[in-house]
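My request is simple: use the sequences and hints to build the entire structure.
Count the sequence shown with UniProt numbering and you get residues 1 to 435, in order.
No false leads were slipped in.
Derived DSS-like pairs: lysine-lysine, alpha-carbon spacing no greater than 27 angstroms straight-line:
| id | residue 1 | residue 2 |
| --- | --- | --- |
| 1 | LYS344 | LYS426 |
| 2 | LYS361 | LYS398 |
| 3 | LYS398 | LYS435 |
| 4 | LYS361 | LYS419 |
| 5 | LYS426 | LYS361 |
| 6 | LYS434 | LYS398 |
| 7 | LYS419 | LYS398 |
Simulated DEER-style distance windows between Cβ atoms:
| id | residue 1 | residue 2 | range |
| --- | --- | --- | --- |
| 8 | ASP228 | ASN402 | 52 to 60 angstroms |
| 9 | ILE78 | THR129 | 36 to 44 angstroms |
| 10 | ASN22 | LYS239 | 25 to 33 angstroms |
| 11 | GLN392 | ASP370 | 21 to 29 angstroms |
| 12 | GLY175 | SER303 | 38 to 46 angstroms |
| 13 | THR412 | GLY297 | 19 to 27 angstroms |
| 14 | ASP370 | GLN396 | 19 to 27 angstroms |
| 15 | GLY136 | ILE82 | 32 to 40 angstroms |
| 16 | ALA397 | PHE85 | 47 to 55 angstroms |
| 17 | GLY128 | ALA397 | 56 to 64 angstroms |
These aren't lab readings, by the way, just hints derived from the structure by calculation.
None of these values were measured; they are calculated from a predicted model.
C-beta: ideal position from N, C-alpha, C; glycine also.
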Amino acid sequence: MKHFYFLILFLTVQYSFSQYGNVSTIAGGGTNGHDVIGGLATDADLSYPTGIAIDNAGNIYFSEITNSIIRKIDVNGIISDIIEFPEVNTPHGLTVDASGTIFFIDRANDRVRKLDTNGTITTVAGNGTNGDSGDGGPATSAQLNTPQYVAVDASGNIYISDWQNHKIKKVTTDGIINTIAGTGVYGFSGDGGLATQAELKSPSGITVDTSGNIYFSDRNNYRVRKIDTNGIITTIAGKGGFQPFSGDGGLAIDAELYEPSGITIDNSGNIYVVDGNNQRVRKITTDGIINTIIGSGATGINSGGFNGDGLVGTATLLNQPVDVVIDNSGNVIVGDYKNHRIRKLPSAALSVDNFSLENIKLYPNPISIDEQLTISSQEIITAISVYNTLGQEVYQAKPNANNYVINLNKITSGIYLVKLNNTENKSINYRLIKK
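As structure tokens, then:
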């Protein structure tokens with residue numbers, strides 16, 4: 001008599017295994033324009049969304065560089081304009097601190113400004129005159145040169161990518177500005193030494209981790225670089241060559257990037273970078289491995305596109321993505337610049353509101369090459385998806401039944417994620433081993 005091993009699979013979150021759902025649009029319909037204020041963000045027209053940020057409550061903020069506005073999508077999906085021209089001129093990067101204050105790049109005015117929770121706008125860096133001066137003095141008296149992105153650390157220090165000055169600047173909590181990376185020379189040098197003696201090329205996206213390490217996209221050097229708390233600069237991603245896209249599944253320092261821009265870091269220390277002209281968002285895990293999580297197809301400045309929503313990230317086309325943020329649930333939010341949309345890649349966060357472990361059995365696990373996987377549930381299972389460790393969907397079914405048998409003889413040995421959905425669209429994820 002054949003013995004079946006009824007095993008409840010271990011929850012995916014207990015392992016270093018990550019998986020995402022399908023991409024959706026959360027703002028914009030693909031038309032370049034500006035309309036719908038106070039309505040659903042998905043019904044609104046956007047115009048080249050650029051910087052993007054999210055607050056602790058889950059509200060999303062983004063800039064539209066051509067409309068010269070900063071807009072908000074609240075947690076109910078309603079869109080509004082919160083800053084408009086002439087209060088801002090061609091806004092770019094933005095961020096939100098723990099108190100809810102929004103810091104944003106007022107690019108054409110060569111300033112960094114903030115909108116506090118009372119609705120008051122003030123300048124925190126830049127005197128409005130294009131140039132490079134002011135180190136060691138008040139940030140509001142200093143000159144900036146087309147700043148791009150801004151970040152704020154837990155202590156309230158502000159970090160600015162001063163794009164055409166080829167520098168990273170820091171504004172301390174007492175309002176004093178100094179250069180912390182870059183000599184002002186357009187070039188590449190300095191890895192392993194002091195960041196202030198290094199050469200940069202048009203630094204772009206910038207973020208800071210909880211320990212105070214700074215990460216930024218050295219855009220025209222095709223690299224992501226790090227400034228540690230001792231002021232030492234190193235490359236953490238990108239070989240620096242002008243070469244086609246490469247490197248997924250390997251060390252990030254061996255990968256090819258093409259003008260990276262927006263960058264962010266999650267609570268676990270994983271780094272997400274927009275590989276702009278490769279039309280992708282890529283993730284660098286804490287062990288230094290890089291993979292694409294959103295984007296597919298050809299690379300190059302004009303090679304992006306749109307192939308709809310509802311696909312897994314690695315099957316989705318983007319069109320010149322610019323910035324990326326991660327919300328508290330691990331969802332990835334992307335500014336899809338030339339598609340005039342804000343897109344979302346949901347995490348595979350566990351939801352057990354109506355799915356309980358006691359109600360579901362999958363067996364056998366591990367599964368051998370000649371065995372079939374049986375799923376048994378007290379609830380109706382509406383959808384089954386199986387993903388590999390690169391986030392690629394390798395099997396899909398819609399059984400609409402309590403019991404279902406899967407033939408997985410075409411997938412190779414390895415670790416997989418099995419995602420189940422019920423009639424209320426609640427999902428639960430399991431780890432499966434294929435021998």
